[in-house]
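Trainee: Following the hints, put chain D in place on chain E, whose structure we already have.
Quick note, the sequences are listed as chains E and D, same order. Quick note on the numbering used here: the first sequence kicks off at 1 and runs consecutively. Quick note on the numbering used here: the second sequence kicks off at 1 and runs consecutively.
If you are wondering where the hints come from, they were derived from the structure by calculation, not from laboratory data.
25 Å max Cα-Cα, derived DMTMM-like pairs, lysine to aspartate or glutamate:
| hint | chain 1 | residue 1 | chain 2 | residue 2 |
| --- | --- | --- | --- | --- |
| 1 | D | 1 | E | 62 |
| 2 | D | 100 | E | 108 |
| 3 | D | 100 | E | 63 |
| 4 | D | 68 | D | 56 |
| 5 | D | 68 | E | 44 |
| 6 | D | 100 | E | 44 |
Please read all numbers here as calculations on a predicted model, not as lab measurements.
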Amino acid sequence: DAGVIQSPRHEVTEMGQEVTLRCKPISGHDYLFWYRQTMMRGLELLIYFNNNVPIDDSGMPEDRFSAKMPNASFSTLKIQPSEPRDSAVYFCASSPPGHFTGELFFGEGSRLTVL
Amino acid sequence: KQEVTQIPAALSVPEGENLVLNCSFTDSAIYNLQWFRQDPGKGLTSLLLIQSSQREQTSGRLNASLDKSSGRSTLYIAASQPGDSATYLCAVREMDSSYKLIFGSGTRLLVRP
Numbered sequence: 001d002a003g004v005i006q007s008p009r010h011e012v013t014e015m016g017q018e019v020t021l022r023c024k025p026i027s028g029h030d031y032l033f034w035y036r037q038t039m040m041r042g043l044e045l046l047i048y049f050n051n052n053v054p055i056d057d058s059g060m061p062e063d064r065f066s067a068k069m070p071n072a073s074f075s076t077l078k079i080q081p082s083e084p085r086d087s088a089v090y091f092c093a094s095s096p097p098g099h100f101t102g103e104l105f106f107g108e109g110s111r112l113t114v115l
Numbered sequence: 001k002q003e004v005t006q007i008p009a010a011l012s013v014p015e016g017e018n019l020v021l022n023c024s025f026t027d028s029a030i031y032n033l034q035w036f037r038q039d040p041g042k043g044l045t046s047l048l049l050i051q052s053s054q055r056e057q058t059s060g061r062l063n064a065s066l067d068k069s070s071g072r073s074t075l076y077i078a079a080s081q082p083g084d085s086a087t088y089l090c091a092v093r094e095m096d097s098s099y100k101l102i103f104g105s106g107t108r109l110l111v112r113p
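Pulled out of the complex, with its shape left as it was, chain E reads as follows:
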């Protein structure tokens, strides 16, 4: 059974460019999370969805970040315009149905470098 799939695995871009990260959650999971990991701040929750609906986006750093989940098997995290301080590893995770009891399953991450 496939796990959480993220693409691209690595992205190098220049400041000001648009970046789109993609995620396919585990089939049957109805919670999807976007996390960011940096050395300085560790793992931070950016946004999460339940049944394709954004529930809490309070962790999204600013208006340059946006996330969508058009269907149960696909989500995107977009940064426009990108800045060097956005350089980090972005993880997508999904969780099975079950209020507050679900185990979290992570993808391999997308390493973003903004020059």
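Mentor: Here is chain D on its own, set in the frame of chain E:
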């Protein structure tokens, strides 16, 4: 505000040793606690999930305990192997409507052959 602390930040042990990783959290109102392993350049792999009503969970050589009242969890690794070398993170799920996992900063473990 919930804070999760992991001590030590790094640990180096010889192969075969039993070891304990510590995790503490400031607010005992949690639904559950989860231990993860992260290998360099990789995502997080779930090791054990302990519900707030449970005291411990075991999987192979791993045993995780939870003392919610004191805000502590430990991950015990028996007979450590070089393949156990990784960063271990604990995370708590807060008992509010946010469904958020709050992560500790991790313990980087090196098991020397």
